[in-house]
Amino acid sequence: MIKVRYLVVDSWSVYNVVIGRPTVADLGAVISTLHLTMKYPLGDGMVGVVKADLDMAK
1 MIKVRYLVVD SWSVYNVVIG RPTVADLGAV ISTLHLTMKY PLGDGMVGVV
51 KADLDMAK
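Residue numbers (full-length UniProt numbering): 1 to 58.
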């Protein structure tokens with residue numbers, strides 16, 4: 001588990017969340033902008049996947 005400092009902003013934005021490089025590195029995540037996907041280790045050999053919706057990303 002890692003601790004992440006975050007800020008909630010009541011504003012219109014094209015992003016749901018912005019994750020900085022230090023957090024991505026701490027998570028051990030790999031991000032593919034081509035595939036709109038982020039993969040990260042969960043432990044015990046399991047991998048978590050976050051996928052974006054291409055229609056929503058346009």
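One or more of the hints may lead you astray.
[Said to hold, decoys possible] Using C-beta positions, here's what the derived DEER-type ranges look like:
1. MET46 <-> TRP12: 13 to 23 Å
2. PRO22 <-> ASP53: 34 to 44 Å
3. ASP44 <-> ASP10: 11 to 21 Å
4. MET1 <-> ALA52: 34 to 44 Å
5. SER13 <-> GLY45: 30 to 40 Å
6. PRO41 <-> LEU7: 22 to 32 Å
7. ASP10 <-> GLY45: 18 to 28 Å
[As the list claims (entries may be wrong)] Capping the alpha-carbon separation at 25 Å, the derived lysine-lysine pairs in PhoX-like fashion look like this:
8. LYS3 <-> LYS39
9. LYS51 <-> LYS3
10. LYS39 <-> LYS51
Rather than coming from a laboratory, the hints here were simulated on the basis of the structure. Ideal Cβ placement from N, Cα and C applies to all residues, glycine included.
Going down the list of hints, with the structure as the test:
The beta-carbon spacing between MET46 and TRP12, approximately 35 Å, falls outside the hinted interval of 13 to 23 Å. About 26 Å separates the C-beta atoms of PRO22 and ASP53, a value inconsistent with the hinted range of 34 to 44 Å. Here the CB-CB span from ASP44 to ASP10 is close to 38 Å, at odds with the stated 11 to 21 Å. One distance hint, 34 to 44 Å for the beta-carbon pair MET1 and ALA52, is violated here, with the actual separation near 24 Å.
Between SER13 and GLY45 the Cβ separation comes to about 35 Å, which falls inside the hinted range of 30 to 40 Å. Evaluation of the 22 to 32 Å hint for PRO41 and LEU7 yields a pass: the beta carbon distance comes to about 26 Å. The hinted window of 18 to 28 Å between ASP10 and GLY45 is violated, with their beta carbons roughly 40 Å apart. For the hint pairing LYS3 with LYS39, the CA-to-CA distance comes to about 18 Å; that is within 25 Å, so the pair holds.
Between the alpha carbons of LYS51 and LYS3 the distance comes to roughly 22 Å, so the proposed pair stays at or under 25 Å and holds. Pair hint LYS39 plus LYS51 holds up; C-alpha atoms about 9 Å apart against a cutoff of 25 Å.
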